[in-house]
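Protein chains in written order, with the working numbering: chain A, -4 to 142; chain B, -4 to 142; chain C, -4 to 142.
Incorrect hints may appear among the rest.
Any copy will do: because identical chains look the same in the list, a pair fits if it lies in one copy or spans two.
Claimed, not checked - Below, in silico cross-link-like pairs of lysine to aspartate or glutamate (EDC-like), each with a Cα-Cα straight-line distance of 20 Å or less: (1) K137 to D108; (2) K137 to E(-2); (3) K137 to E54; (4) K126 to E(-2); (5) K106 to E24; (6) K72 to E54.
Treat the hints as calculated values from the structure; they're not laboratory data.
Only a predicted model underlies this, so the values are computations on that prediction, with no experimental measurement involved.
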Amino acid sequence: MQELVAYTAYLTIETPQRYEIRDITDDVERVRAEAKLWDGYVLVSTMHITSSIFVNDHESGLWQDIMTWLEALAPNKPGYQHHLTGEDNADAHLKRMLLGHQVLVPVTEGKLDLGPWERVHYGEFDGRRPKRVLLKALGIAKAQARG
Amino acid sequence: MQELVAYTAYLTIETPQRYEIRDITDDVERVRAEAKLWDGYVLVSTMHITSSIFVNDHESGLWQDIMTWLEALAPNKPGYQHHLTGEDNADAHLKRMLLGHQVLVPVTEGKLDLGPWERVHYGEFDGRRPKRVLLKALGIAKAQARG
Amino acid sequence: MQELVAYTAYLTIETPQRYEIRDITDDVERVRAEAKLWDGYVLVSTMHITSSIFVNDHESGLWQDIMTWLEALAPNKPGYQHHLTGEDNADAHLKRMLLGHQVLVPVTEGKLDLGPWERVHYGEFDGRRPKRVLLKALGIAKAQARG
């Protein structure tokens, strides 16, 4: 008999820097284990519109390249219409769309089913305050042994 | 006993402008309610390859910034190979990839589990004709009271 | 009685070119059929961090436009910090983020529920070696006839 799993957890992240990248793969695995998810998906989705969730290499040089590249394509500068509201973070709203705001992590036989270099990252573009990330497991628990 | 939910609805959107952004969060909630989804996901996915689904701020200044920015990164101009087919919308195919074509909206305890500023948007880059958006709820209905 | 489906398959792709786009929609349908998925999702996710999965038009001119455009926004050039590790593919890590690394294909009544022009593509930016793509179906099988 299959048992359905639907389990939700929230992570709070407050980065000391305005712009920062953090590897959160271990948090995803922790939530998968809490959920007892055997087969299915874990959705990882930032609840803020100035940060990203993305999968890429855990390599600090690449992280720098990503930040330099995002700044070139979506610069932090004056003149955005959004700033007429009093905000100064229009670049963060754009940067977050380049990397995306959520990923779906597949789970197979009770493990995150990721390639050897795939790591789940949180990208912050307007930090120094607490932000929430939602993790929702959906799928099936391990079938009970029939004895 | 858990009851599985798999429910699909389609939305038709025809924008008066070629380029337009529209908040469709209320449609997502309506479909969630029709589906009686208590815990799970609602996939929101455009069925056309010249439009986007994305999550960002409901703020008209930012919407302008997004359109200006997309035009800078993926301009509407002649010279694309795709135009040799007779089309004139290669920029729309590129713009839609920058913002993405689908999002997964988490549902927890019968509500869209979004952050305070998260809103689901439809981005049109080749409008003035009817386009379809698919919404598919997957998860569980509220457990029945046992009395 | 609903029967839950959770089914996983892997595809191996080795492109002769370093940069290449390939339509893999038929593979997605094959996996859907193997899974006997009637209603739900098929996640299609590359397991490598230098390639993409995206939905767009099956049109060779557009494929060229996409590659030209990616090269303009995330050029293959020296000077990336990531190259200090001995790698030469930082551009591939960036290009893959512009197009995204996964899509969720909706399935309704036993068919991929795609718009008329939607096709699922694999985008390779560091090819000439075997890469794996994960496909995971989640949802329900067709209800049994009650006789």
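Hint check:
Taking the closest pair of Cα atoms, K137 and D108 come within 20 Å of each other only inside a single copy of the chain (16 Å); across copies the shortest separation is 27 Å, beyond that limit. Taking the shortest Cα distances, K137 and E(-2) sit within 20 Å of each other both inside one copy (8 Å) and across copies (15 Å). Taking the shortest Cα distances, K137 and E54 never come within 20 Å of each other, neither inside one copy (34 Å) nor across copies (43 Å). With identical chains, the CA atoms of K126 and E(-2) are never at most 20 Å apart, being 32 Å at best within one copy and 33 Å at best between copies.
With identical chains, the CA atoms of K106 and E24 are at most 20 Å apart within one copy only, with a shortest distance of 8 Å there and 25 Å across copies. With identical chains, the CA atoms of K72 and E54 are at most 20 Å apart between copies only, with a shortest distance of 19 Å across copies and 28 Å within one.
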